[in-house]
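Engineer: Residue-level listing of the chains:
Protein chains: 2
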Amino acid sequence: MSIKIGLFGYGNIAKAAESGILQNSDMELVAVFTRRNPSDVKTVSGVPVHKKQDVLSFTDKIDVMLMCGGSATDLPKESPDMAKYFNIVDSFDTHTKVLEHFNNVDKSAKEGKKVSIISAGWDPGVFSLNRLFSEAFLPNGKGYTFWGKGVSQGHSDAVRRIDGVKQAVQYTNPSKDALKEVREGILPVFSPCEMHTRECFVVLKDGANKGLVESAIKNMPNYFKDYNTTVHFITDEEFNKNHTAMPHGGTVIRSGFTGIDNENKQIIEYSIKLNSNPEFTANILLCYARAAYRLYNAGDSGCKTVFDIAPYLLFSGTKKDIMERLI
Amino acid sequence: MSIKIGLFGYGNIAKAAESGILQNSDMELVAVFTRRNPSDVKTVSGVPVHKKQDVLSFTDKIDVMLMCGGSATDLPKESPDMAKYFNIVDSFDTHTKVLEHFNNVDKSAKEGKKVSIISAGWDPGVFSLNRLFSEAFLPNGKGYTFWGKGVSQGHSDAVRRIDGVKQAVQYTNPSKDALKEVREGILPVFSPCEMHTRECFVVLKDGANKGLVESAIKNMPNYFKDYNTTVHFITDEEFNKNHTAMPHGGTVIRSGFTGIDNENKQIIEYSIKLNSNPEFTANILLCYARAAYRLYNAGDSGCKTVFDIAPYLLFSGTKKDIMERLI
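Protein sequence lines, in the order shown, are assigned to chains A and B.
The first sequence lines up with residues 2 to 328 when you count with this note's numbering.
The second sequence lines up with residues 2 to 328 when you count with this note's numbering.
There could be a bad hint or two in this list.
Note that identical chains are pooled: a pair holds if it fits in a single copy or bridges any two copies.
Said to hold, decoys possible - Pairs of lysine-lysine, BS3-like flavour, derived with a Cα cap of 30 Å:
1. Lys150 x Lys181
2. Lys211 x Lys150
3. Lys114 x Lys85
4. Lys62 x Lys111
5. Lys167 x Lys274
6. Lys177 x Lys274
7. Lys52 x Lys274
Since the hints were derived computationally from the structure, they do not count as laboratory data.
The following block holds chain A by itself, in its conformation from the complex:
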């Protein structure tokens, strides 16, 4: 019997989940919910599309709802709303508001006796797990998170809003020097600006002034000002050919010391290199959907994070298979 998945929202993450479900033989996509006119939404797999406001007639048809909205305005409202009626998973990624979001979703999930798992993407999510594991294993040490090379939507949007910019993308890159120092285990102290560099690829509108645009980017407070920023001006053709994908990646490193006199250096490094950020996020969400489904069937309820989920719950194989092949 397969796990019946619903997608609440139909943006990048939802489309990615649609293909991800095809890789998991124990799952089945049953419906997409949109705030648009359903007949205007064409799904990749042809799965039926419904209005979000009709979702409550699906409570007995969906095992787990993937909440596919954005963290800024959708998830803070939609996850608590849906958590009462469905098992849900989301990838809520505003780090500073996770605890507040947790409390809102938890209240609702407990009322409805359903299981919710929040912030189950890669950061927060899998990177959070690695920060916790590595700090537990090396309590005497220091941890670092680097992001990139990857597209930052927020920074790309900021560049696109500058006068004279036709099209733009911003990549966040880990600083090679900073990475090198961390890998040497010398426990460097950095500001965020020292850990990352920023690289913009910009298509100008006809007649726009390169110098003014470059200066507007490099001096933009918060976004670029204190960073090492490079601006490349490119053509429409080059933009469409090389800069429309959504690569991302990152590295969680902890270096620490063990031994009676802390004489032994130990380094743990976890890194990902993604050609599609949303597809990786969606695949993780699907694993946590599996866990939510299993926990719900075991009688559990309430809100969880990745820290609460025993690893075997994520995996489709039997415990025996896991013990013989993966341990």
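Starting from the known structure of chain A, arrange chain B on it as the hints suggest.
Structural biologist: Same frame as chain A, now just chain B:
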């Protein structure tokens, strides 16, 4: 109230745990148990040493026993024996016998209503976790485990048994070419011999023949024959200066594809670089000891592996701290 730890056996892992406990303020070492004459055993911290046969008078004084014997002969007997009377953790590392060991320990732990966690080192252990996570997140792909650079005790012993060898150490190294191919995401297929190279540092006895020793090493079946093996002859002084530490490391990589036509390459890599293999292993064991203690206090019992343990159980901080700082 701190978690009272006992060490069953007093070899490399136990000594490493002794210093590891000092890094964990919620833990306290209460006793060491040895099969030697206790008065002959001098502990680093001065903790009392007792005979293994007296261990049962400590059932109310120890919260978790770290089983510090070897996987070949000690743990298969001692872990099931002790699991009935104590919460235990071990780093049993004979991959092919984990399921058998699990069943033996589980029976005993259930009889005694105690919690056991087995195979909780780095491989099996943390590497197992990474194999499971990465296969769950990227079901369409291929996983690889590389070991090294690190000392292999078994191979070092084999070299030391050769006529004319006074002292020797063998390092297992990941093959750079193999690593490169895996990181490119082309899903190469390897035999174990193609993934690793072997490097020996040998001190000869007076009058021994270099050529004969080198040939004996390189042609040793199972251990070296099909590997790319390098032999370095060095002096006593160089051996003592550079080759008495216990470094190790390794990498778990999975590369996979996502997308409706599997068009997007995704790579996950977990790697560790250890200056002290036993101290890292001991630190992991201590985290799982914390988990065993918490599960026991919550009324759980029976044998577990790393796959069964929710991540937050490993960490000494509060759930709130974890949610605010690490997620």
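Engineer: Work down the list of hints and note, for each, if the structure agrees.
Structural biologist: Results of checking the hints against the structure:
1. Lys150 x Lys181: both (16 Å within a copy, 19 Å between copies)
2. Lys211 x Lys150: This pair counts as within: shortest intra-copy Cα distance 25 Å, inter-copy 50 Å.
3. Lys114 x Lys85: Cα proximity of Lys114 and Lys85: one copy only (7 Å, versus 37 Å across).
4. Lys62 x Lys111: Answer is within: at 20 Å inside a copy they meet the 30 Å cutoff, but 39 Å across does not.
5. Lys167 x Lys274: within (29 Å within a copy, 46 Å between copies)
6. Lys177 x Lys274: both (16 Å within a copy, 19 Å between copies)
7. Lys52 x Lys274: neither (36 Å within a copy, 52 Å between copies)
Hint violations for this structure: number 7 only, all remaining hints satisfied.
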